[in-house]
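Take the sequences, apply the hints, and build the full model.
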Amino acid sequence: MAIISVRDLLVEYDGRRVLDGLDFDIEPGQITVLLGGSGSGKSTLLRHILGLERPKSGNISIRGTDITSCSAAELNKVRRSIGVAFQSGALFNSLSLADNVALTLREHTTLAPSIIDLIVWMKLAVVGLGDFGKLHPQELSGGMKKRAAVARALALDPEILVLDEPSAGLDPIVAAELDELILFLKETFQITALVVTHELSSAFRIADRIAMLFNGKLLAIGTKDEIRQHKHPRVVQFLNRLPDSPVHAPAMAAYLDSYLHKREVQA
Amino acid sequence: MANFLEIAGRETLKQFDYMGRLSIQLCATLRQMRRALPLLGNRHRWNATIHQILDIGVDALPMVALLAMCSGFILAMQGASELRRFGAMHYVVDLVAVGFTRELGPLLTAIAVSGRSGSAFAAEIGTMKVTEEIDALRVMAFEPLEFVVAPKFLAALVAVPCLSTVANFFGILAGGLFMFFSTRLGIILYLRYVLSSIVLRDVLAGLVKSLAFATIIAQVGCLEGFRVHGGPEAVGRSTTSAVVRSTFLVIVADAVFTTIFYFIGRP
Chain A
1 MAIISVRDLL VEYDGRRVLD GLDFDIEPGQ ITVLLGGSGS GKSTLLRHIL
51 GLERPKSGNI SIRGTDITSC SAAELNKVRR SIGVAFQSGA LFNSLSLADN
101 VALTLREHTT LAPSIIDLIV WMKLAVVGLG DFGKLHPQEL SGGMKKRAAV
151 ARALALDPEI LVLDEPSAGL DPIVAAELDE LILFLKETFQ ITALVVTHEL
201 SSAFRIADRI AMLFNGKLLA IGTKDEIRQH KHPRVVQFLN RLPDSPVHAP
251 AMAAYLDSYL HKREVQA
Chain B
1 MANFLEIAGR ETLKQFDYMG RLSIQLCATL RQMRRALPLL GNRHRWNATI
51 HQILDIGVDA LPMVALLAMC SGFILAMQGA SELRRFGAMH YVVDLVAVGF
101 TRELGPLLTA IAVSGRSGSA FAAEIGTMKV TEEIDALRVM AFEPLEFVVA
151 PKFLAALVAV PCLSTVANFF GILAGGLFMF FSTRLGIILY LRYVLSSIVL
201 RDVLAGLVKS LAFATIIAQV GCLEGFRVHG GPEAVGRSTT SAVVRSTFLV
251 IVADAVFTTI FYFIGRP
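Sequence order for the protein chains is A and B.
Mapping the first sequence onto our numbering, position 63 (from 1) lands on 63, and the numbers just tick up by one.
Mapping the second sequence onto our numbering, position 55 (from 1) lands on 55, and the numbers just tick up by one.
Hints in this document: simulated from the structure, not taken from any laboratory.
Be aware that one or more of the hints could be misleading.
What the hints assert, rightly or not - Label pairs and their calculated CB-CB ranges: (1) B:Gly236 <-> A:Tyr255: 32 to 38 Å; (2) A:Ser141 <-> B:Val203: 55 to 61 Å; (3) A:Gln30 <-> B:His51: 42 to 48 Å; (4) B:Gly186 <-> A:His136: 51 to 57 Å; (5) B:Leu30 <-> A:Tyr255: 55 to 61 Å; (6) B:Gly236 <-> A:Glu53: 25 to 31 Å; (7) A:Asn215 <-> B:Ala234: 27 to 33 Å.
Think of the CB as a built atom: it goes at the ideal place given N, C-alpha and C, for glycine as much as any other residue.
This is how it looks when you write it as structure tokens:
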């Protein structure tokens, strides 16, 4: 049974359709990568899966609970089973890394402080930040912030891990380290992960299944091989990094000529 | 003319919309307030409230005291310059004591807190919105109003009346110093005159105003923070807007309360 089910999801902002009838399932224990260009609707879809926004129509079920129509209490219960690492990290700057990770444990569990401390330092060690727990987010590099966000997302041992652009803005070595971390988490904790990215190398390294969005529609979903062999022109274009509209130098020159001509006439 | 009416109508509707949002936020915060109370609520929220009380109240003490002393001195001097002509110097005591207890103490405090803490609330929440920290709170199953707004609101409700009382004390003390240097009226005798000129109703009127001003400052500051959309420049705009709007609303509320107390107090 799918752990996340999206059915006929329709999202509009000011009459502009952003997600158009999305329909797909995410299976437990798999890494699903959501791939797509800028403005394709990846982040909007993610915000709806996290219950941060409500769609115009359609539904999203997480572990059997329809989060588009459930109560706030039910939504919070579902949210406790999801760990989220935002693109910017979204770590609380007023708290140290250890306190960032400990926050949900202190507030949502009745564990003793010594146990919470143990869990926090374990989670930080898992992401390779065991020696940096006392630092504040502003003292960390971009890659360390992303890893700290993953540690915080893992605090409550979630069934589902959601990562928004984990390798965006990172150098290739740090990005590759994060990919390995995601694979390690899947193998060690049997976690279900939903990763949003537009980095092809990262997507094909970590994914069990890839879903590709374009203009709010789901173009393709399948295994890595199925996506590689997909015939849809947009999928082929995306995978082969082909530009949409090459720069037309003659058109630019023509525009400049007409502009200068107008100025001369005015003079 | 039609254009003017159209603009006036649109702006009026915008202000109604703003007041509606403010009222909704106030009601929602009041529902979450229990969690910020000592003993009954969550100890983490109460700790945050204590921290905020220190920030809004204790840290602002020197500034409010100095402001009140300068204002008390000015009020006494201006009053004396006119009352001296009628041989009614003893009325300066009444002017300073009643004027500060009913009016100037709460108003000066509110303006100082609005500039200092109202803008800080807007900047803090605005930054949290820009850096996705508010979204992070929600996906971690925290209610932002309970987590961020309730401690600030409760702290303002405690700190602003306390600061108003301090402002009253220093304002009246400054009046006493002026009277001592200008008429050789002893401080003990001055304080005795002060106590005979103010009644409990004056003190209560000042405290009621302080509570209303605290509500306006905290709610406007937080709402401006939540209204931030975009980047860091939007945070800057929200802090300015928080100060301008809260100062304006404080003065409007002051006029309303003064009118009410004027009619209630008439024989």
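Status of the hints after comparison with the structure:
no.: 1; hint: B:Gly236 <-> A:Tyr255: 32 to 38 Å; verdict: 37 Å, holds
no.: 2; hint: A:Ser141 <-> B:Val203: 55 to 61 Å; verdict: 56 Å, holds
no.: 3; hint: A:Gln30 <-> B:His51: 42 to 48 Å; verdict: 43 Å, holds
no.: 4; hint: B:Gly186 <-> A:His136: 51 to 57 Å; verdict: 55 Å, holds
no.: 5; hint: B:Leu30 <-> A:Tyr255: 55 to 61 Å; verdict: 60 Å, holds
no.: 6; hint: B:Gly236 <-> A:Glu53: 25 to 31 Å; verdict: 26 Å, holds
no.: 7; hint: A:Asn215 <-> B:Ala234: 27 to 33 Å; verdict: 28 Å, holds
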